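S.K.: Okay, here's what each chain looks like letter by letter:
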Amino acid sequence: MTQPRIDWFEDLEAEFARVAAATERAESRRTRGRLGRTLPVFACAALLLGAGYAVPSTRAAMEDITSDFSGWLDGDRGAPGRSIQPADDMPEWIDVDGSRLIAESGGLGLYVTRGPTQSGGTRLTFVLGKDGNGLGNSVDGWREKFKDHAIVVLGTTPHVGGPRETLPLFGLTARSVERVSLRYADGPPLVSENVDGGFVLIADPQRGPDELVAYDGAGHELERVNVSGDRVTAFGVQGQ
Amino acid sequence: MPEELAANLRLAGSQPSAFGAVYQDQAPLLFAFFARRTFDIDVSSDLTAETLAQAFEHRRKFRGSTDGEARGWLFGIAQHQFSRYVRRGTVERDALTRLGIRLPELGADDYERMVDLAGLAETRERVRLAFGTLPAEQHAALRLRVIDERSYPDVAAALGVSEQAARARVSRALRALASAAEIATTSEVRP
Numbered sequence: 060m061t062q063p064r065i066d067w068f069e070d071l072e073a074e075f076a077r078v079a080a081a082t083e084r085a086e087s088r089r090t091r092g093r094l095g096r097t098l099p100v101f102a103c104a105a106l107l108l109g110a111g112y113a114v115p116s117t118r119a120a121m122e123d124i125t126s127d128f129s130g131w132l133d134g135d136r137g138a139p140g141r142s143i144q145p146a147d148d149m150p151e152w153i154d155v156d157g158s159r160l161i162a163e164s165g166g167l168g169l170y171v172t173r174g175p176t177q178s179g180g181t182r183l184t185f186v187l188g189k190d191g192n193g194l195g196n197s198v199d200g201w202r203e204k205f206k207d208h209a210i211v212v213l214g215t216t217p218h219v220g221g222p223r224e225t226l227p228l229f230g231l232t233a234r235s236v237e238r239v240s241l242r243y244a245d246g247p248p249l250v251s252e253n254v255d256g257g258f259v260l261i262a263d264p265q266r267g268p269d270e271l272v273a274y275d276g277a278g279h280e281l282e283r284v285n286v287s288g289d290r291v292t293a294f295g296v297q298g299q
Numbered sequence: 169m170p171e172e173l174a175a176n177l178r179l180a181g182s183q184p185s186a187f188g189a190v191y192q193d194q195a196p197l198l199f200a201f202f203a204r205r206t207f208d209i210d211v212s213s214d215l216t217a218e219t220l221a222q223a224f225e226h227r228r229k230f231r232g233s234t235d236g237e238a239r240g241w242l243f244g245i246a247q248h249q250f251s252r253y254v255r256r257g258t259v260e261r262d263a264l265t266r267l268g269i270r271l272p273e274l275g276a277d278d279y280e281r282m283v284d285l286a287g288l289a290e291t292r293e294r295v296r297l298a299f300g301t302l303p304a305e306q307h308a309a310l311r312l313r314v315i316d317e318r319s320y321p322d323v324a325a326a327l328g329v330s331e332q333a334a335r336a337r338v339s340r341a342l343r344a345l346a347s348a349a350e351i352a353t354t355s356e357v358r359p
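Protein chains in written order, with the numbering used here: chain A, 60 to 299; chain B, 169 to 359.
Please keep in mind that the hints were generated in silico from the structure rather than gathered at the bench. Treat the hints loosely; a few may be bogus.
What the hints assert, rightly or not - Partial list, computed: chain A residues near chain B (C-beta under 10 Å):
id, residue
1, F68
2, T82
3, V155
4, D156
5, S158
6, L160
7, P175
8, N192
9, G200
10, G214
11, E224
12, Y243
Predicted, not measured: the structure shown is a model, and the values here were computed from it. Cβ coordinates follow ideal geometry from the N, Cα and C atoms, glycine included.
Model the full structure from these sequences, guided by the hints.
M.R.: Laid out in C-alpha cells, this is it:
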C-alpha cells in the first residue's frame, strides 16, 4: 500500500541520515587512528603480562556467568531455570523447543533462547518479559560481557498489564550466587532467595532503588551494582 | 528479501547509514504504535523520534537474526519510552539531544495525514458510535464529567445520585469506550 507523503517523516529521515553519515566519518577516523597506535599498545601489553597481574580474592571465588549455560549448550545438562511451556506468557517469536525460563516474578519472565550465529557458533538471546527486549549475542560475546562478574543486570522493561509504578529488573548471576538483595534509599530491601542463574525483581521506583547486592551461600557479598537514579535502561545498567 | 529488517539493523552496527532502511520500514509503524496509545500526534511524533534515536545509539547491541527479533527489539524500546512518558507525563529527548538531531516542525497537512496513518479517525468513529449506544445513565454521567468537565459532586447533584454512584457510572462508561477503541488497535502494529 502506498502511503501519502508526510514531510515530517522525510525531514526526520534526513536528520538521521546526516547523523549516520557523521558517525560513519568519525568511526572511520578512529579506526585509522587506532591502527597508528597498535604497536605501542602491544608493547604496553607485553610489559603488563611480564609483570603479572594479581586477581582480587573475591573475584577468584567467582564463576563466569557463561559457565551457567555451558551444560545446557552441551546438551541440556544443569541449565538454570526450566524448559518453557506453551502456557508461559512469552513473546510469540520464542521457540518453545530448546528455550528456557530462567526466572519469573510478578508475571514477568526472563527467558533464554539459543540459535546459530552466521559464523556457525551459538547465539544466546535473553528476553526480558513478554514485551521487552531480546538481547542477543554469541557465547563468546556474552563471555566477554560477563567476565569477572557475579551479577549482571540485563535491563528493565515496561510491566504491561501490571501496576504502573514498578521498575522490573532482569539479570543473571553466577552459580555461586544464592541471594540477590535490592537495597532502597528508603525502607527494607527486596530480596530474592535461592536464585538459580538469574532473577526478576519488581522494584518500587518510589522508594529509590539504590544497589543490587549478590551473596553466596555463606552470606559473603560477591558484588554490588549501582542501580540508583536513571542508571537502569532497557539495555542494562550504565557503568556495568 | 527475507529477514531484511534484522539484516539492516545488524549492518547498521558497522555501517551507520544502513539505519536508513530501518527508519523507512519502522518509523510509520512506531508512530502508529504511539498514536493509538496516546491519541496525541505531537507526543507520538516525539516518542517515535526518541525511540529511533535510542535504537540508533544502541544498534550494536542487536544481534538477532530474524525480523521478529528485530521488531521485538525496536518495540521493546518503544514500550520503554511509552512507559516513561506515562510515568512522568513528559517525552524525554535524551538520545535526540546526545545525537544532535533536530526535530522537524509538524505542518497542518502532515497532521491530517498522520491522523489517517494511525487510523485515529476510524478509532474516533468507533468511540463516537459506542458513546451513542451507552446506557442512558452512563451516557449522561460521561457527558457531564468529560464533555462538560463538571466535578463529580456536580455530576452527582445533576443526576440525583451519590458521588460514588456517579463515579461508578463514569468508570463503566469509560471502560466501554476503551473497549470500543481497543477493537481498532489490536495486533496491527504490534511486533
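S.K.: Next step is simple, just say for each hint if it's right about the structure.
M.R.: Cross-check of the supplied hints:
no.: 1; hint: F68; result: holds, 6 Å
no.: 2; hint: T82; result: holds, 4 Å
no.: 3; hint: V155; result: violated, 14 Å
no.: 4; hint: D156; result: violated, 15 Å
no.: 5; hint: S158; result: violated, 13 Å
no.: 6; hint: L160; result: violated, 17 Å
no.: 7; hint: P175; result: holds, 8 Å
no.: 8; hint: N192; result: holds, 4 Å
no.: 9; hint: G200; result: holds, 7 Å
no.: 10; hint: G214; result: holds, 9 Å
no.: 11; hint: E224; result: holds, 7 Å
no.: 12; hint: Y243; result: violated, 18 Å
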